[in-house]
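These protein sequence lines map, in sequence, to chains A and B.
In terms of this note's numbering, the numbers along the first sequence are unbroken and rise by one, the last being 112.
In terms of this note's numbering, the numbers along the second sequence are unbroken and rise by one, the last being 113.
The hints are simulated quantities; they were obtained by calculation from the structure and are not laboratory data.
Please note that the accuracy of each hint is not assured.
To be verified - Here are a few chain A residues that face chain B, going by a calculated C-beta distance under 8 Å:
no.: 1; residue: G16
no.: 2; residue: P75
no.: 3; residue: G104
no.: 4; residue: D105
Glycine is no exception: its CB is placed at the ideal position from the N, C-alpha and C atoms.
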Amino acid sequence: NAGVTQTPKFQVLKTGQSMTLQCAQDMNHEYMSWYRQDPGMGLRLIHYSVGAGITDQGEVPNGYNVSRSTTEDFPLRLLSAAPSQTSVYFCASSYGDNQPQHFGDGTRLSIL
Amino acid sequence: GESVGLHLPTLSVQEGDNSIINCAYSNSASDYFIWYKQESGKGPQFIIDIRSNMDKRQGQRVTVLLNKTVKHLSLQIAATQPGDSAVYFCAEREVNTGNQFYFGTGTSLTVIP
Numbered sequence: 001n002a003g004v005t006q007t008p009k010f011q012v013l014k015t016g017q018s019m020t021l022q023c024a025q026d027m028n029h030e031y032m033s034w035y036r037q038d039p040g041m042g043l044r045l046i047h048y049s050v051g052a053g054i055t056d057q058g059e060v061p062n063g064y065n066v067s068r069s070t071t072e073d074f075p076l077r078l079l080s081a082a083p084s085q086t087s088v089y090f091c092a093s094s095y096g097d098n099q100p101q102h103f104g105d106g107t108r109l110s111i112l
Numbered sequence: 001g002e003s004v005g006l007h008l009p010t011l012s013v014q015e016g017d018n019s020i021i022n023c024a025y026s027n028s029a030s031d032y033f034i035w036y037k038q039e040s041g042k043g044p045q046f047i048i049d050i051r052s053n054m055d056k057r058q059g060q061r062v063t064v065l066l067n068k069t070v071k072h073l074s075l076q077i078a079a080t081q082p083g084d085s086a087v088y089f090c091a092e093r094e095v096n097t098g099n100q101f102y103f104g105t106g107t108s109l110t111v112i113p
């Protein structure tokens, strides 16, 4: 099993550009989530999904959209990139919200 | 939301010694706690978890202790090895905020050979 796969690993954007961060898991997990990790702060939840077709907002959802059309994939879209969105983004999956999460290796995103 | 804090941002230990990493939490409604290890350039990796109906749980070389009275969580690593050098952080699941996990900022553990 590949686990949780995130692409790209690195990305540089200009302010105002849009892009999609990809996340795929092959463990048949129902629960998937997106976090951002900033220096001096713990991981913060952006959006999450408890199953295909269902998404919900986390702690810091503004400026991001998600969709969950399949169990395997959970892409994160930046609508109009801002410097404040410079961060490392992690996707995670688990069997449920009361189970340990498996994380991908992150996407390092810089917004100029 | 509630914050999860760590007492020490850095910890250095001699190879072979035991390590103790602490975590304080403030939400008495939290019912599930997880310790993660994060190596440079990698995603967090699950180490061990504990639910609120337990005080102690042991894994291979690791032990997690939960003190609900003072809202304190600790991770003990026995016979610390150079490969244990990483950032460790705890996460708590808060049942009154949609079962979301809140993460601490982490403690950087350095093992001195």
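Would you pick out the hints that fail for this structure and give their numbers low to high? 1 and 2
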